[in-house]
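All chains should be modelled from the sequences, with the hints used to inform the complete structure.
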Amino acid sequence: MVKVIVIRTAGTNCDRETAFAFHLAGAETELVHINQLVRGDKNMNDYHILAIPGGFTYGDDIASGKILANELKYKLEQDLERFIRDGKLIIGICNGFQVLVKAGLLPNLSGDFQEIEATLTLNDSAKFEDRWVYLKKGSRGQGPGSRKDKCVWTKGINGVMKLPVAHGEGKFIPRTDKVLRQLKKSGLIVFEYVDENGRRKGYPHNPNGSVEAIAGICDPTGRIFGLMPHPERHVARIQHPSWTRSNKDGSGDGLAIFQSGVSFAKKYL
Amino acid sequence: MIWRVEVKEKAGFYDAMGQSVKKDIHDLGLGKKVKEVKYVQVYLLEGDLEDRNIKDICENLLIDPVTQDYSYDGNVSDEKCYKAVEVAYNPGVMDPVEDSALKAILDLGVEGIRTVRTAKKYLIKGSLSHGEIRSIAEKILYNKVIQHLVTGKSGIAPEPPPYKFQLNHFNIINASNKALERISKEGQLFMSLDEMRAVKQYFKKLGRNPTDCELETIAQTWSEHCKHKTFRGLIEYDGKIIDNLLKNTVMKATKELAKPWCVSVFKDNSGIIRFDDKYDVCFKVETHNHPSALEPYGGAGTGIGGVIRDPLGTGMGAKPIINTDVFCFGLPDHPYNRLPKGAIHPKRIMKGVVAGVRDYGNRMGIPTSNGAVLFDEDFVGNPLVFCGNVGILPKNTAFKKANKGDLVVVVGGRTGRDGIHGATFSSGELTHESETVSGSCVQIGNPIQEKKVTDTILQARDLGLYTAITDCGAGGLSSAVGEMGEELGAEVHLDKVPLKYKGLRHDEIWISEAQERMVISVDPKKIGKLKSVFENENVEATVIGRFTGDKHLRLFYEGDLVCDMAMKFIHDGVPNVKRKAVWKKPVFKEPRIREKKDYAKDLLNLMSMPNVASKEWIIRQYDHEVQGGSVLKPLQGKHEDGPGDACITRPRLDSKKGIILSCGINIDYGKIDPYWMAASSIDEALRQVTAVGGNIEKAAILDNFCWGNCNKPDRLGGLVRASQACYDMAKVYGVPFISGKDSLNNEYAMGHKTISIPPTLLISCITVMDDTAKAVTMDAKKAGNAIYLIGLTRDEMGGSQYYKMLGYTGNSIPKVDPLYAKSLMKALNKTIEKGIIASCHDCSDGGMAVALAEMAFAGDLGMDIALKAPIPEDQECLRDHVLLFSESNSRFVAEVKDEKKFLAAMRGVPVWKLGKVTPGRTFSVRGGGGREIISTDIDKLKAAWKRPFKDM
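Here the protein sequences come in this chain order: A and B. Residue numbers for the first sequence follow my numbering, so the first one is 1 and each next one is one higher. Residue numbers for the second sequence follow my numbering, so the first one is 1001 and each next one is one higher.
Don't take every hint at face value.
Unchecked claim - Below, a list of computed lysine-lysine pairs in the DSBU-like style, where the Cα atoms sit at most 35 Å apart: (1) B:Lys1083 x B:Lys1120; (2) B:Lys1940 x A:Lys201; (3) A:Lys73 x B:Lys1055; (4) B:Lys1531 x A:Lys75; (5) B:Lys1601 x A:Lys201; (6) A:Lys127 x B:Lys1656; (7) B:Lys1526 x A:Lys162; (8) A:Lys127 x B:Lys1950; (9) B:Lys1526 x A:Lys75.
Since the hints were derived computationally from the structure, they do not count as laboratory data. Owing to the predicted nature of the structure, the values given are computational and were not obtained by experimental measurement.
In structure tokens:
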């Protein structure tokens, strides 16, 4: 059975629905407080997938995700390194994505997690917004391996996907043009904000002003993945904002992401 | 040593905060004079720190290395040609960032850090005078109730000296009436002479004078806020004496209805009803009006924070799952020069309140899914801020009882001087001096503290580690311990209470309303296990006393007895208030309306009325989907921007069962007749339930009365009438009240004049829905479908949005026939459950025309409507403007998939075919004479509806 550790701390809010989404995808889940990891009561290396859910860890004080990122970096560095070295999977959603980026785990082009290569900062609207967006997968890049999807979390996903965003600090900015070029070239841009027809548009389609409409990225191994939209909030059709206009049954677009991660873990881990 | 760090955006990066302030300055009318605004975050770090520590802290914590730069010491960013305004919190005001920053700096391994303070600095470029800068600062950038402008060198205020214990006695047993009144006034006790005399009597018997702590305890417990003396007292009305208005109206209906699914009503911190065979749900709505008038952001934030603790303190503790908010503000375009002295501009109040609810609710991870926002000039000095919360708790945890010998444990935030006298302050009128006199009542919340408390309380509950729980709300520990120990008696050692800073007096500790605290009673055998549950997640839980069994309240400070009173006196000693109430129907000027040929312009203007217009700007700032259970969201339709009638949430992700939340409120009707205002609010809340597919037989409602000063007989008369309507309606509809609250001094005093708010009753409704997949939204679905009006329209234009738009109030208020309304709603509910209805919308503000327009543009479809149609038997012939804009209650517009089935299912109910949904974008209405009286398009209607609050 694929085992998922869902990390929570002060201000983690989306832990239960994230665990529920993994449960629907066939995994076994456990909610674990960061203090339990720091104290050594639990070890992340007993699990196959590590999920950092959405919320406002430590109130988003100073900058969103920053304090938890530092906690992971300074207090759990060795565990984390081993987890990643073993090729296990990490997903960060919304606040979790902010944590991964600010800890240097994404995009990690340098390979040693020491460099902060991008950020997620205040929306251009300067406020929190909850709205549904359309997403399309980014291009697969060039060179070896570009015939396949890089990200193991989105294999087999095609077309335009619809998920909600709910954040105040989701504007993705790569640190340099070089970082952006490399993200593109290596096919690490997993999702872009688009309109319903798959075309890039301005606000509100790109809800925060992200550079190149970037909504989610993965690391060069494709196993560490972060995104601002909330796939766990669209695992059932009835969560869709206009399900009364079409179909009430079936699963939501977001479920495929959890299924894809779990099935990869089942096969290879 | 103190280090000053400044963080700002690097050149070339978009400064969203600065831009947002620039926009606010523009809205003040100074836009042309401002070229640029830059935002700078300031940190003051104090401790044994070296240069390299500061660099470490800045680079690895305080700045975003991608977008931000920092500077420290001397190197400050007062660039030439900018004017700097720096804002810092007043000493003693909580800044949650300081806690987090301190923790994070320690995480970095920097041990020398002792204190962190923050400030906000704005660099403004432009041709502004000193006076204009000052005006911008006062109107936009800071609020002197909690903040100050930093001038000269910034520093960290030294910690106050430790408190030197001194017990004061008030000489009241020999005091004259005049002296008693003086003591009450000077101590901000807000106690009447009768009450002071009751206290005098009690202590005369004891043969001693009361201590400061004793008098404060009585003042808190007997305050209108805690005791509801008006509702529970004697009222002389219409030649009769009403002994306890609440018991004789609102609660009486519930008792007589005796619904088996009502688990706990009017007893606990919220009302509890059955959800399914494993869970119950509870619901509470509170107001936080006076704090929000003084400090909108903090007032509203602690309003939502406070009401979340109600379900958390209900039964053995419920998990908070949905927030609601309803606001009433002055007009957003109120002229600045006509603002009452001391009042904050309604627009700033609105922005602050919305931000306060947003930041607290979102951080708590609770969806804010239902609400309303209304405007009237009489709310200018005294806005209304209603905050609600729904919780879920396992079946059989609805009741609690502390045992003799249990320990009194305070959990969560530390106690500070914030929020002293909140309960008594809210029981008085607001004046222009309120901000100086009562400023200490206002607080800034710390939602993350409350989230931690919630997470850990629920764990402790599931482990069975405590016997009872309640929240620290108004009156602080005095109310919480007083309530829990009412039957048993309690002793508390005030010096054991953890403090935010030194210097608090013993009586301040006792009545402080510092946020994010809960009180639990714990079996001494379980205290070790309990403490470890909280410690594991960095929450403080401190034993401060025990429940004794001697039915006395005894308080100690470092061993000295500072309070010793019988619980019975504290809780039952308050003398009954006797008040007079009269009510006379006011007469308003009646407009004379000439029939027009074209109503398109009227309809477009109506769409832009502030009460009708889209509130998307607010709704989107709230996370309405966190926890994943959202089924019907507040914004609906093809482009997800139509106004839904009610929200639906599934609290259990593995179940189809859900909760419908709705609310009814009519500020304009209250001016004409509070009876029909109340009846209309109940009807509105139930209409919304019905419109989305709910069954009102499973609905329960909450009352929140907000009134003017009820010492004035005419105000009280209105309250009596509204309460009577609550009984009359609830009884016939068969819908019980399960909880409620009143706020009765909503007046703004200016010299000899006062502005009273319109009498306002908010009805909040919670309904259990078995199959949420049967829900219906309000957006038109398919061209060709027939549109029907359900329910009778009457010439009831008094208090309508149409009259308001024309500058009138009028007199013919909409009435309610609850027997007819109930049968109509039940029939419609059955019809919706059969799947015959494609969309349904209730007719409220703006009447049928507004409802149809919203339905059309939310569905991105046109509509072809004819007012000439068969008229139900008892219907008089109505003029076009009445048919279009009357706000008669108990009406719906519905889009019907199968007319034959619809007419069969709705037999016996007055329905009226209006026309059909059309494929184009034209919204067309033919009047009673057969001529077209409205021809416009849905894009225009939608634009008019969105315009007022588009770019706030």
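Comparing the hints with the structure gives:
{"no.": "1", "hint": "B:Lys1083 x B:Lys1120", "verdict": "holds (14 Å)"}
{"no.": "2", "hint": "B:Lys1940 x A:Lys201", "verdict": "holds (23 Å)"}
{"no.": "3", "hint": "A:Lys73 x B:Lys1055", "verdict": "holds (18 Å)"}
{"no.": "4", "hint": "B:Lys1531 x A:Lys75", "verdict": "holds (24 Å)"}
{"no.": "5", "hint": "B:Lys1601 x A:Lys201", "verdict": "holds (34 Å)"}
{"no.": "6", "hint": "A:Lys127 x B:Lys1656", "verdict": "holds (33 Å)"}
{"no.": "7", "hint": "B:Lys1526 x A:Lys162", "verdict": "violated (49 Å)"}
{"no.": "8", "hint": "A:Lys127 x B:Lys1950", "verdict": "holds (14 Å)"}
{"no.": "9", "hint": "B:Lys1526 x A:Lys75", "verdict": "holds (32 Å)"}
The structure fails hint 7 only (numbered hints given earlier).
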